[in-house]
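Chains as they are written, first to last, in the working numbering: chain A, 1 to 231; chain B, 1001 to 1231.
These are calculated hints, taken from the structure and not from any lab test. Check before you lean on any hint, since a few could be wrong.
Derived contacts from chain A toward chain B, CB cut-off under 10 Å, selection only [said to hold, decoys possible]: (1) His-76; (2) Ser-221; (3) Pro-224.
Covered stretches of chain A, as calculated for chain B (at least 3 residues, CB under 8 Å) [unchecked claim]: (4) 15 to 27; (5) 45 to 58; (6) 66 to 74; (7) 88 to 94; (8) 145 to 159; (9) 176 to 190; (10) 207 to 215.
Chain B stretches covered by chain A per the calculated footprint, using a threshold of three residues with CB under 8 Å from any CB of chain A [stated by the list, open to error]: (11) 1075 to 1083; (12) 1150 to 1157; (13) 1211 to 1223.
Ideal placement from N, C-alpha and C gives every residue a C-beta, glycine not left out.
2 protein chains.
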Amino acid sequence: MADNTTSSLPVNVGVILFPGFQALDVFGPLDALNILSRSYPLNLSLISSLSTLDPVSTQPPASVNAIVGAPTANSHFAQSLVPTHTIHTPPPTLDVLLIPGGLGTRAPDLEPLIAYIARAAQSTKHVLTVCTGSWLAARAGVLDGKRATSNKRSWAGREGLGNGTEWVAHARWVQDGDTWTSSGVSAGIDMLLAWMESVFGAGVAEEVANGMEYERHTDPSWDPFADLYGL
Amino acid sequence: MADNTTSSLPVNVGVILFPGFQALDVFGPLDALNILSRSYPLNLSLISSLSTLDPVSTQPPASVNAIVGAPTANSHFAQSLVPTHTIHTPPPTLDVLLIPGGLGTRAPDLEPLIAYIARAAQSTKHVLTVCTGSWLAARAGVLDGKRATSNKRSWAGREGLGNGTEWVAHARWVQDGDTWTSSGVSAGIDMLLAWMESVFGAGVAEEVANGMEYERHTDPSWDPFADLYGL
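The following block holds chain A by itself, in its conformation from the complex:
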């Protein structure tokens, strides 16, 4: 992978974290970017929705379980990721903002996070969402007048979000200019690699995908899950 970077390539990547984020929404795209970062200069900010730099857990808060239903099993099973910033002390400039989904997107207290996404998106060229991360982007106005997609099992949740957003049910991901939204969870890997191809070139994306031993879906309209969930 040649290091033929130019100043027009994105460098500063921010990823939103909140309690109850979906692990693969974050780490599918980040695994690809981790590999890319060895040959292209990239800086990562992990931006917590909370007011401290405490680790952020994949465990949904109790307020979310009250909405989606409590787990039927008594498990102790979560991972906590260390943020580098918070939405109250954010990084100064971003070229890419990645917004994951997860059960935590149903939390009742996300207004400060929505406000940060709205502010950050104004100065960030590339905005990418995975799964129900598009709900947050839509609430922040980022998807106003744009085509977008979201998680298919929870498709109904995007209803009423976005102002003039055209929600595309049958899509692995949707690109609208520099705004990219993917379907659920693993779809974020395909979207990120398609974005990487458009920005860094097809050879770079292919080499990263091969390093991940990942068979990409390269057709954005491929979506058996829209059919599965009757959309």
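Chain A is already provided as a structure; the job is to place chain B on it using the hints.
For chain B alone, coordinates are given in the frame of chain A:
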């Protein structure tokens, strides 16, 4: 997903962490288990190779870069995960041990980790490795006399590891009894879901995969990457 658990199902899952672990090796399988843990009782231990409970970074240590070659870009791009245990203060009992790979498996100072894996595997029924995690398992004697696979781009690295191990080049994953080894990175998702099917049932694995909007590879001999890398 019905909660028809019985006492024979595995509950206590341990995942090995070390500096320079591959993010998707850990979080592909864990995303599936995170979903499962809402309906089946599961407990997670994240076991650091270090001597403290400091967060463990995906960033390979300098000692590894000296072996595999330094990055050609000056990036600041890594994620740090909070462990729950260390190999020196490990969890008492495990039913499942998952060993990820990554550049960190090339570190010169892994003997304490190898020794822990050897000890833990003796009392752990299910041992699963992803990518070059099989190198660590082989060094610990876990793959002696067994069939196994590993990362394909770095296939040569398994040479001489394991005592009588039959290394299978053309495999998405290999099952040998309760020992499961996968090919590189994203192959861990397919292996984990195949393991989940064998232990929890096909319907459970299918529902988890559908929740991840993940199209599984269900044929363990599917492996275009073995061909790609001329194996």
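Against the structure, the hints:
1. His-76: 5 Å, holds
2. Ser-221: Check failed: Cβ of Ser-221 (chain A) comes no nearer than 14 Å to chain B, outside 10 Å.
3. Pro-224: 7 Å, holds
4. 15 to 27: holds (count 5)
5. 45 to 58: holds (count 3)
6. 66 to 74: holds (count 4)
7. 88 to 94: violated (count 0)
8. 145 to 159: holds (count 3)
9. 176 to 190: holds (count 6)
10. 207 to 215: n = 6 at 8 Å, threshold three: holds.
11. 1075 to 1083: The restraint on the stretch 1075 to 1083 of chain B holds, since 8 of its residues have a Cβ under 8 Å from chain A and three suffice.
12. 1150 to 1157: Held - the stretch 1150 to 1157 of chain B has 3 residues with a Cβ nearer than 8 Å to chain A, which meets the minimum of three.
13. 1211 to 1223: holds (count 6)
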